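Enquirer: Taken in sequence, the protein lines are chains A and B. Here the first sequence stands for residues 1 to 112, numbered as in this note's numbering. Here the second sequence stands for residues 113 to 231, numbered as in this note's numbering.
Just so you know, these hints were derived from the structure itself, not from any lab. Just so we're clear, the structure is a prediction, and the values are computed from it rather than from any experiment. Every residue, glycine too, gets a C-beta built ideally from N, C-alpha and C. Be a bit skeptical, because a hint or two may be false.
Derived Cβ-Cβ restraints for the label pairs, each shown as a range [claimed, not checked]:
1. Ser-150(B) x Tyr-39(A): 33 to 39 angstroms
2. Gln-195(B) x Thr-30(A): 33 to 39 angstroms
3. Lys-169(B) x Tyr-39(A): 30 to 36 angstroms
4. Ser-3(A) x Thr-229(B): 27 to 33 angstroms
5. Ser-70(A) x Ser-119(B): 41 to 47 angstroms
The list that follows gives simulated cross-link-like pairs (lysine to aspartate or glutamate, EDC-like), each with its CA atoms no further than 20 angstroms apart [unchecked claim]:
6. Lys-123(B) x Asp-168(B)
7. Lys-58(A) x Glu-20(A)
8. Lys-169(B) x Glu-20(A)
9. Lys-61(A) x Glu-88(A)
10. Lys-111(A) x Glu-66(A)
11. Lys-94(A) x Glu-197(B)
12. Lys-94(A) x Glu-156(B)
13. Lys-123(B) x Asp-136(B)
14. Lys-49(A) x Glu-15(A)
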Amino acid sequence: AQSVSQHNHHVILSEAASLELGCNYSYGGTVNLFWYVQYPGQHLQLLLKYFSGDPLVKGIKGFEAEFIKSKFSFNLRKPSVQWSDTAEYFCAVKFGRNDMRFGAGTRLTVKP
Amino acid sequence: GAGVSQSPSNKVTEKGKDVELRCDPISGHTALYWYRQSLGQGLEFLIYFQGNSAPDKSGLPSDRFSAERTGGSVSTLTIQRTQQEDSAVYLCASSLRLTTSGASTDTQYFGPGTRLTVL
């Protein structure tokens with residue numbers, strides 16, 4: 001069965017550190033890729049998405065993600081994190097027409 | 113309203129009772145999803161509605177779970193004979209699917225969730 005793996009359960013960084021959160025999926029076909037974020041006390045919201053074209057996708061708040069098809073990966077990056085980036089981050093992959101799967105999430109804590 | 117709304121926000125019930133959770137999607141959105149988020153777990157897909165098509169129920173964990181979507185808008189998730197392992201946050205999301213030459217947009221907009229506690 002298709003699955004989505006997020007390697008880090010909890011990441012703790014200091015402000016201005018660089019961030020990379022891993023996401024891998026198990027499927028060789030066409031996929032649509034997403035990163036969602038849930039700030040404390042708020043709804044899940046979309047950070048960025050990849051459907052086709054340039055594999056380096058830029059999202060809101062300075063986040064970007066790179067789709068590497070050969071590695072089945074869609075890692076999320078930010079060059080310099082802020083305290084306000086403290087949140088839970090979910091990678092999601094849409095396999096085929098209806099099958100949307102989320103990873104277990106990575107909790108990011110940014111220390112001021 | 114402008115976003116996806118869910119009710120109730122919190123529900124505490126006794127084991128064995130039935131519960132109904134409601135989702136109001138964004139007006140005009142044809143796709144509606146239900147997910148379950150258990151403590152420390154990711155989002156678990158439950159069911160998907162798209163327009164008038166038959167729903168994709170492949171994620172429902174047991175026959176105690178069912179969902180319907182009336183008039184292509186509001187959806188109700190029903191859990192019969194609740195068990196303690198059903199305790200979780202149940203999230204609803206909607207998306208606007210534009211099918212033009214096969215293109216579609218699948219950005220999902222999430223509601224605040226219903227926190228279900230089964231005692």
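Enquirer: State for each hint whether it applies.
Expert: Tested hints:
Distance hint check for Ser-150(B) and Tyr-39(A): the Cβ-Cβ separation is about 20 angstroms, which falls outside the suggested range of 33 to 39 angstroms. Taking 33 to 39 angstroms as the suggested C-beta distance range, the pair Gln-195(B) and Thr-30(A) conforms, at roughly 38 angstroms. At roughly 31 angstroms, the beta-carbon separation of Lys-169(B) and Tyr-39(A) lies within the given 30 to 36 angstroms, and the hint holds. The given range of 27 to 33 angstroms is respected by Ser-3(A) and Thr-229(B), whose C-beta atoms sit roughly 28 angstroms from each other.
Against the hinted window of 41 to 47 angstroms, the Cβ-Cβ separation of Ser-70(A) and Ser-119(B) comes to about 45 angstroms, which satisfies the hint. With a C-alpha separation of about 26 angstroms, the suggested pairing of Lys-123(B) with Asp-168(B) is violated against the 20 angstroms cut-off. Our distance criterion of 20 angstroms between C-alpha atoms is met by Lys-58(A) and Glu-20(A), whose separation comes to about 14 angstroms. With a C-alpha separation of about 34 angstroms, the suggested pairing of Lys-169(B) with Glu-20(A) is violated against the 20 angstroms cut-off.
A hinted pair counts as satisfied when its Cα atoms are at most 20 angstroms apart, and Lys-61(A) with Glu-88(A) qualifies at roughly 15 angstroms. A C-alpha spacing of about 26 angstroms is found between Lys-111(A) and Glu-66(A), which places the hinted pair above 20 angstroms, so the restraint is violated. At roughly 27 angstroms between alpha-carbon atoms, Lys-94(A) and Glu-197(B) are farther apart than 20 angstroms, so this suggested pair is violated. At roughly 13 angstroms between alpha-carbon atoms, Lys-94(A) and Glu-156(B) fall within 20 angstroms of each other, so this suggested pair holds.
Of the supplied pair hints, the one linking Lys-123(B) and Asp-136(B) holds, its CA atoms being roughly 17 angstroms apart against a limit of 20 angstroms. Of the supplied pair hints, the one linking Lys-49(A) and Glu-15(A) is violated, its CA atoms being roughly 25 angstroms apart against a limit of 20 angstroms.
Hint violations for this structure: numbers 1, 6, 8, 10, 11, 14, all remaining hints satisfied.
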